[in-house]
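Trainee: Protein chains in written order, with this note's numbering: chain Z, 1 to 231; chain B, 1 to 231; chain V, 1 to 231; chain C, 1 to 231.
Think of the hints as simulated: they come from the structure by calculation, not from any bench. Fair warning: there could be bad hints in the mix.
[Unchecked claim] Some chain V residues flagged as far from chain C (calculated, every beta-carbon gap over 12 angstroms):
no., residue
1, Gly122
2, Ile126
3, Gly134
4, Gly142
5, Arg144
6, Glu146
7, Ala149
8, Ser166
9, Val205
10, Leu215
[As the list claims (entries may be wrong)] So the derived label-pair ranges between C-beta atoms look like this:
no., chain 1, residue 1, chain 2, residue 2, range
11, B, Gly198, V, His117, 51 to 61 angstroms
12, C, Arg77, Z, Ala82, 54 to 64 angstroms
13, Z, Asp3, B, Leu210, 55 to 65 angstroms
Note that beta-carbon positions come from the ideal geometry of N, C-alpha and C, so glycine has one too.
There are 4 protein chains.
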Amino acid sequence: MVDLLRRLAAEALGTGTLVATVVGSGIMAETLTNDVALALLANTIATGAILVVLISTLGPISGAHFNPAVSLVFALRRELPARDAGLYALMQVVGSIAGAIAAHAMFELPLLQSSTHVRTGGAQWISESVAAFGLVAVILAGIRFERKAVPMLVGLYITAAYWFTSSTSFANPAVAIARSFTDTFSGIRPVDLPGFIGAQVAGAVIALALMTWLLRVPTGSDLPINPENRT
Amino acid sequence: MVDLLRRLAAEALGTGTLVATVVGSGIMAETLTNDVALALLANTIATGAILVVLISTLGPISGAHFNPAVSLVFALRRELPARDAGLYALMQVVGSIAGAIAAHAMFELPLLQSSTHVRTGGAQWISESVAAFGLVAVILAGIRFERKAVPMLVGLYITAAYWFTSSTSFANPAVAIARSFTDTFSGIRPVDLPGFIGAQVAGAVIALALMTWLLRVPTGSDLPINPENRT
Amino acid sequence: MVDLLRRLAAEALGTGTLVATVVGSGIMAETLTNDVALALLANTIATGAILVVLISTLGPISGAHFNPAVSLVFALRRELPARDAGLYALMQVVGSIAGAIAAHAMFELPLLQSSTHVRTGGAQWISESVAAFGLVAVILAGIRFERKAVPMLVGLYITAAYWFTSSTSFANPAVAIARSFTDTFSGIRPVDLPGFIGAQVAGAVIALALMTWLLRVPTGSDLPINPENRT
Amino acid sequence: MVDLLRRLAAEALGTGTLVATVVGSGIMAETLTNDVALALLANTIATGAILVVLISTLGPISGAHFNPAVSLVFALRRELPARDAGLYALMQVVGSIAGAIAAHAMFELPLLQSSTHVRTGGAQWISESVAAFGLVAVILAGIRFERKAVPMLVGLYITAAYWFTSSTSFANPAVAIARSFTDTFSGIRPVDLPGFIGAQVAGAVIALALMTWLLRVPTGSDLPINPENRT
C-alpha cells in the first residue's frame with residue numbers, strides 16, 4: 001500500500017480537481033448561454049469526463065474515494081482503518097475548497113464566496129439519497145465484478161444522475177461543502193448543507209446494506225469472483 | 001448461477017433505475033429548456049449512460065435483461081426456463097413502475113399519473129419493431145463475439161435509436177408500461193401500449209430468427225467463437 | 001472465413017442500418033429544433049454511436065467495411081478478392097438505399113425521394129478527400145496496432161470529422177448514393193455525387209499509400225506487431 | 001524504436017490533424033449557431049474524439065506527443081534525447097500550422113490569417129498553467145498505471161478542461177502558435193502567445209515535479225507497476 005502522505009495528497013488533489021471542474025464548467029456554461037439545459041449538459045459532460053480521468057489516474061494510489069460518504073462505506077466494510085477514513089474525509093474537504101477557489105481564480109472572480117443558491121426540501125433530499133445510493137452501489141458492484149471498469153462506470157453514473165435527480169446529484173458531502181463557497185451555477189446555500197449531507201450518508205449506508213446482500217457469493221455459485229476484489 | 005430471489009431483485013432494481021432515469025431526465029430537461037431537441041439529447045445521454053452502468057453492474061447477477069422482450073428471446077433460445085422468464089418479466093414491470101414513481105418523488109410531482117402523450121400509428125409501430133430488432137440483434141451478436149462489450153454496445157445502440165426512430169425507441173414492454181404512468185416528457189397513453197408492445201415483440205422475434213442464421217458457426221469456419229457464449 | 005452469402009448479408013444490414021441512422025436522426029433533429037448546430041450534434045452522436053455498434057457486431061462476420069472505398073482499399077492490399085470487393089460494394093449500395101427507405105418509413109415520409117441539397121465545390125471536395133483519407137488511415141493503423149479498438153476509433157473519428165469538414169464527412173460512396181435518395185437534413189443532390197465519390201476514392205487511395213509507408217515494420221524495430229493483423 | 005523520419009512524420013500528421021479539428025470544428029460551429037456554449041460543446045466533442053483517435057493510431061509510432069511541452073517533459077525525464085525533442089517540437093509546429101491552413105481550405109476561407117481574438121491576463125494564464133499541469137499529470141499517471149488507457153484519458157481530460165478553464169485549455173504551445181494563424185472561433189492574437197506558452201511550460205514542469213514524487217514506487221509497496229512503463 002502506498003504511504004499515507006501520498007494517499008492523502010492524492011485524495012486532496014483528486015477532490016480538488018473534481019470541484020474545480022464542477023464549479024469552473026458551471027461558470028463557463030452560464031457565461032456562454034441562457035439555456036439552462038445546455039449549461040447543465042456542459043456541466044454534466046465535463047464532470048463525467050474528469051471523474052473517469054481522476055479515478056483512473058489516482059485510484060491506484062489512494063483508491064480515489066474523493067468522497068467522505070465513500071470513505072465511510074469502506075471504513076464500515078473494514079477495508080480502511082477508521083483513522084485513515086477520517087483523514088481522507090478531512091483532506092477531501094480541504095482539497096475541494098481549494099478546488100472551488102482555483103475555479104474562481106481561473107475565471108477572475110472573488111476567490112471566497114458564499115452561495116445563495118437555494119437547494120432544500122424533501123424532493124431534493126430524496127434525490128440526494130437516491131444519488132448516493134446509486135453511486136455506492138455502482139462502486140461496490142464494479143469492484144466486485146470488474147475493477148478496471150470502475151472509473152468509466154462512475155463517470156457514466158454521475159452523467160445520468162445529474163439529470164434524473166432534481167438536485168443534480170451532488171452525492172458527496174465534501175463536494176457539497178465546497179460548493180457552498182461559490183455563488184455561481186453549481187453553488188448551494190451553507191444552510192442547506194445539513195439536509196444534503198444527511199441524505200447522502202443515509203443513501204450510502206442503505207446501498208452498503210443492500211449490496212452486501214445482493215453481492216454475497218451464494219454457496220456453489222458460479223457468479224464470477226473478481227480475484228482483485230480486495231482494496 | 002445466482003439464486004432466483006437475488007436475480008429477480010436485480011431485474012427489478014435495474015429496470016426501476018432505468019425507468020427512473022428515462023422519466024427523471026425527461027422531466028429535468030423539459031423543465032430547463034424549450035428546445036425539444038436539446039431535451040431529447042439530454043434524455044438520450046442520461047439513458048445511454050445508465051444502461052452501460054446497469055448492465056455492467058447487474059449483468060453478472062441476473063443477465064441484466066431489464067426487458068420482457070429480451071427475456072422472451074432467451075426463453076426461446078432455451079437459455080432461461082419459461083417460468084423464470086415469466087418471473088423476470090413480472091419483476092421488470094413492477095420495478096419499472098416503481099422507477100416512474102421514484103422519479104416523480106424526486107421531482108415533487110404527483111406520484112401516480114396517467115399519460116396523455118399520443119404515440120400511435122404505423123410509422124411509430126415500424127419504429128418500435130426496428131428498435132427492438134436492433135436491440136436484440138446487438139445483444140445476441142455481442143454475447144456471441146465479445147460479452148464484455150455488451151453493456152457499452154447496448155448503451156450506444158439506444159443512444160442512436162432514440163434519434164433514428166420516430167418513437168424515440170422504447171424497445172421494451174416493461175418500460176413502455178411504466179411510461180404510461182407518467183404524464184411528462186417521456187410518457188405514452190395507456191391506450192397506445194398494445195401497438196407498441198406488439199411491435200416490440202415482433203421485432204425481437206424477427207431478430208432472433210435472423211441472427212440465429214447469421215451467427216451460426218459455419219463448418220470449418222474460423223469465425224471466432226466466444227468461449228463464454230452461454231448464459 | 002464466413003461464407004460469402006452471410007458476409008454479403010452483414011454488409012447490407014450494416015450499411016443499411018448506418019444510413020437509416022444518418023437519415024433518421026437528421027429528420028428527427030430538424031423536426032425538433034431550429035438550431036442547425038444542435039441538429040448536427042444530434043446527427044453526429046447518433047452516427048458515431050451506431051458505427052461502434054455495427055463494426056463491433058458485424059465486423060467478425062464480414063469485416064464491417066460498409067463502404068466501397070474501404071473495400072477497394074482491402075482489394076488493393078490483396079486481402080479481399082476483387083470479385084468479393086465488387087459484391088461487397090454492390091450490397092453496400094443496395095443496403096444503404098434500403099436504409100434510407102426504412103428511415104422514411106419510420107418517419108412517415110414519402111419512401112422514395114430525390115435530394116435538392118446542394119453540396120458541391122472545391123472546398124467540399126477537399127473536405128471529402130480529407131475525410132476519406134482519415135477514415136482509411138484510422139482503419140489501417142487500428143488494424144495494425146489494436147484490432148479490438150477499431151470500432152471505437154472509427155466511431156470517434158467520424159464524430160470529429162462531421163465537424164472539421166465543411167461537407168460533414170460523408171467519406172463513403174455507398175452512403176453518399178443513398179443520401180441522394182432523401183430530401184431531408186442529410187441529403188445530397190444526385191448531380192453532386194460524382195464530385196463527392198471521386199474525392200472520397202482519391203482520399204482513400206492516398207491514405208493507403210501513406211499508411212503503407214508509415215506502418216511498414218522497420219528492420220529490427222520493436223514496433224508492436226499485432227498478431228491478428230490479417231483479415 | 002521506429003526510425004526518426006517516420007516518428008517526425010507521425011508527429012506532424014497528428015498535430016496537424018488535431019489543429020485542423022480544433023479550428024475546423026470551431027468554424028463549423030460558429031457558422032451554424034449563435035449560442036456560444038453550443039459552439040464550444042461541438043468544438044469540445046470533436047477535439048476530445050480526435051485526440052483518442054490520434055493517440056491510439058500514432059502513439060505506437062512516435063509516442064503521440066503532438067505538444068512541445070509534452071516532448072520537453074519526456075526530454076527532462078531522459079526518455080527522449082534532447083535533439084529528438086527539438087525536432088519533435090519543430091515538426092509539431094510545422095504540422096499544426098499546416099493543419100490550420102487545411103481547415104481554412106476545407107471551409108473556403110483565406111488560407112493565411114492572423115487572429116484578432118484577445119486572450120490575455122492573469123486568469124487566462126493561471127488557466128493555461130492548470131490545463132498543462134493536468135495534461136502532463138494525466139499522461140504520466142496513465143503511462144505509469146495503464147498505458148492502453150492513455151488515449152481515452154487524454155481525450156476525456158481535454159473534454160473537461162475546455163470547460164473548467166477560462167482559456168478553454170489550449171495546453172499546447174504548438175497548437176497555440178497555429179491558432180494564432182486563424183481569425184475564427186478558436187484563434188488567439190499572436191501578441192498573446194508568449195503569456196500562454198510561458199504558462200503552459202510552467203504548468204507542465206510543475207506537473208513533472210509533483211508526479212515524480214507522487215508516482216515514485218514506495219519501498220515494499222504493492223502499488224501496481226506497469227511492466228510496459230518505459231517508452
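Trainee: Could you run down the list of hints and mark each one as holding or not?
Mentor: Now for the hints, and whether the structure bears them out:
1. Gly122: violated, 7 angstroms
2. Ile126: violated, 5 angstroms
3. Gly134: violated, 7 angstroms
4. Gly142: Incorrect as stated: the minimum Cβ-Cβ distance to chain C is 6 angstroms, not above 12 angstroms.
5. Arg144: violated, 8 angstroms
6. Glu146: Since the minimum Cβ distance to chain C is about 7 angstroms, glutamate 146 (chain V) lies within 12 angstroms and the statement is violated.
7. Ala149: Incorrect as stated: the minimum Cβ-Cβ distance to chain C is 6 angstroms, not above 12 angstroms.
8. Ser166: Per Cβ check, serine 166 (chain V) is inside 12 angstroms of chain C; nearest 5 angstroms; violated.
9. Val205: holds, 17 angstroms
10. Leu215: Given a closest Cβ separation of 8 angstroms, the condition is violated.
11. B:Gly198 / V:His117: 51 to 61 angstroms: violated, 36 angstroms
12. C:Arg77 / Z:Ala82: 54 to 64 angstroms: violated, 39 angstroms
13. Z:Asp3 / B:Leu210: 55 to 65 angstroms: holds, 58 angstroms
In summary, the structure is inconsistent with hints 1, 2, 3, 4, 5, 6, 7, 8, 10, 11, 12 from the numbered list given earlier, while agreeing with the others.
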